[in-house]
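Peer 1: Sequence:
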Amino acid sequence: MDSKLRLIQQSLNTRYSEWIREALDDLPDNFTITDPSISGHPIVFASRGFLKMSRYSREEVIGQNGKIFQGPKTNPRTVMEIREAIREERGVEVSLLNYRKDGTPFWMLFHMRPVFGKEDGRVIHFVAVQVPISTKQRRNGGVSLSEDGSGLNEVVFGSCRKEVDSDSLLELRRVLSLDSGSKVLDIEETCKASDFEERRAATAFNNILSVLTHCSELTGRLVCGKRCSVPGAGYVSSSLNISLGRIKQSFVLIDPHLPDMLIVYASDAFLRLTGYDRHEVLGHNFRVLNGVDTDTSTLHQIKESIQTEQACTVRILSYRKDKSSFWNCLHLSPVRNASGKIAYFVGVQIEDDCKNRDGHGLSPEMRQLSAVGAVKVAVRTSSISAGSSKS
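The sequence shown begins at 1 in the UniProt record's numbering and counts up by one.
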């Protein structure tokens, strides 16, 4: 967990200035920021307003994803709509039934948009603004019920409500609730946000983006709310990032179509093994792991396998960021997209000192082949989805 928390910290620290969290905390809005490049697409920031609304602590939220706020009555179609927007790297605005920490449901307007890196057009983060939808009114035999039941006091009893004892009021609430066949808070029907709530969500996102933009200008790693440049051949989509993040092995994706065959994806396990931060690896050649005693003939064998589009397995001396060396059992394999063309090469690393069976009884070779298979499925599925969304 420590390594994942380190990645979560780096998610903001490597892109924005050091006071980014303080600046975001000054905003009054309810929102979360997630990072699709980290395994599980976790929350990397949650505002004070959001924590107050959901009744979770920051420690309970950071590192989790939106699933923890869903419950038995959360509409799965709405969740799928959000996932589809993430896959297509676009904004989405839906009414969503979420649950607080104590299990109470509440309707909110969920307004999510991607934030892009200005230099390469990649999705850096998703910002999700949550605006509580004002109490929904529901008619029951001429009586309007609200989430807290206050409609009974005003509409039924009016100015005479002081003459009615509290037991009668509670009994009437109970009868009307039973008659409706559901709780006083209607969670069966989708709540629609008002125009004011929609404007409030859009304004909140613009305020958040303004803070992110300003803090990115201070580091020179600029972000923007719209894709400022067309992603190049080495671009890995958010949906593929999320799919690859579920694979627990140490591996990298190399794009053979880029000059110098650059790394375009590095798994969390690879970062733990080598000690590098993600931004120190992406956009660099695999030579980043080479050192003074790395065997050149083995490097030539790796290069030759890429040129001939063949898989290979080698044992090579690699170096971590701190310059310590380790024997790297590297398996390299081509990865094809849905049309059968080679899209990437995947390199799966297992440290030689750890060359034994894992907790599931799998040999290192089987673990490598398992990781390669999972990567191939993720890439193929992503390319099929991308093709269908364009058609």
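Don't read these hints as lab results, they were simulated from the structure. Be a bit skeptical, because a hint or two may be false.
[To be verified] Think about it this way: if two alpha-carbon atoms lie no more than 35 angstroms apart in a straight line, the pair counts; the simulated DSBU-like pairs of lysine-lysine are:
| hint | residue 1 | residue 2 |
| --- | --- | --- |
| 1 | Lys248 | Lys226 |
| 2 | Lys376 | Lys192 |
| 3 | Lys73 | Lys118 |
| 4 | Lys321 | Lys118 |
| 5 | Lys52 | Lys67 |
| 6 | Lys52 | Lys303 |
| 7 | Lys248 | Lys52 |
| 8 | Lys341 | Lys192 |
| 9 | Lys303 | Lys248 |
| 10 | Lys52 | Lys376 |
| 11 | Lys67 | Lys303 |
[Claimed, not checked] If you anchor each label on the Cβ, the simulated ranges turn out as follows:
| hint | residue 1 | residue 2 | range |
| --- | --- | --- | --- |
| 12 | Pro132 | Arg58 | 45 to 55 angstroms |
| 13 | Ser194 | Pro259 | 47 to 57 angstroms |
| 14 | Ser95 | Gln307 | 48 to 58 angstroms |
Being a predicted model, the structure only gives us computed values, none of them experimental. In this text, a Cβ means the ideal position worked out from N, Cα and C, and glycines have one as well.
Peer 1: Do the alpha carbons of Lys376 and Lys192 lie within 35 angstroms of each other, as the hint requires?
Peer 2: violated, 41 angstroms
Peer 1: Check whether the Cα positions of Lys52 and Lys303 lie no farther apart than 35 angstroms.
Peer 2: Answer violated: Lys52 to Lys303 is near 54 angstroms, above 35 angstroms.
Peer 1: Hinted pair, alpha-carbon criterion (35 angstroms max): Lys321, Lys118. Please report holds or violated.
Peer 2: holds, 27 angstroms
Peer 1: Take the C-alpha atoms of Lys248 and Lys226, compute the straight-line distance between them, and say whether it is at most 35 angstroms.
Peer 2: holds, 32 angstroms
Peer 1: If you check the beta carbons of Pro132 and Arg58, does the distance land in 45 to 55 angstroms?
Peer 2: Violated - the Cβ-Cβ distance for Pro132 and Arg58, about 19 angstroms, lies outside 45 to 55 angstroms.
Peer 1: Has the given pair, Lys52 with Lys67, been kept, meaning a C-alpha gap of at most 35 angstroms?
Peer 2: Holds, because 18 angstroms separates the two Cα atoms, which is no more than 35 angstroms.
Peer 1: For Lys52 and Lys376, compute the direct alpha-carbon distance and say whether it is at most 35 angstroms.
Peer 2: violated, 42 angstroms
Peer 1: Is the hinted range of 47 to 57 angstroms satisfied by the C-beta distance from Ser194 to Pro259?
Peer 2: Hint holds: Cβ distance 52 angstroms, inside 47 to 57 angstroms.
Peer 1: Take a quick look at whether Lys73 and Lys118 sit within 35 angstroms of each other, Cα to Cα.
Peer 2: Roughly 39 angstroms between the alpha carbons, so the hint for Lys73 and Lys118 is violated.
Peer 1: Hint says 48 to 58 angstroms; check whether the CB-CB distance for Ser95 and Gln307 agrees.
Peer 2: Given range 48 to 58 angstroms: holds, Cβ gap about 53 angstroms.
Peer 1: Lys248 and Lys52 were given as a pair; does the straight-line alpha-carbon distance stay at or below 35 angstroms?
Peer 2: holds, 34 angstroms
Peer 1: For the pair supplied as a hint, Lys67 and Lys303, confirm whether the alpha-carbon distance does not exceed 35 angstroms.
Peer 2: violated, 43 angstroms
Taken one by one, the earlier hints fail for this structure at numbers 2, 3, 6, 8, 10, 11, 12, listed in ascending order.
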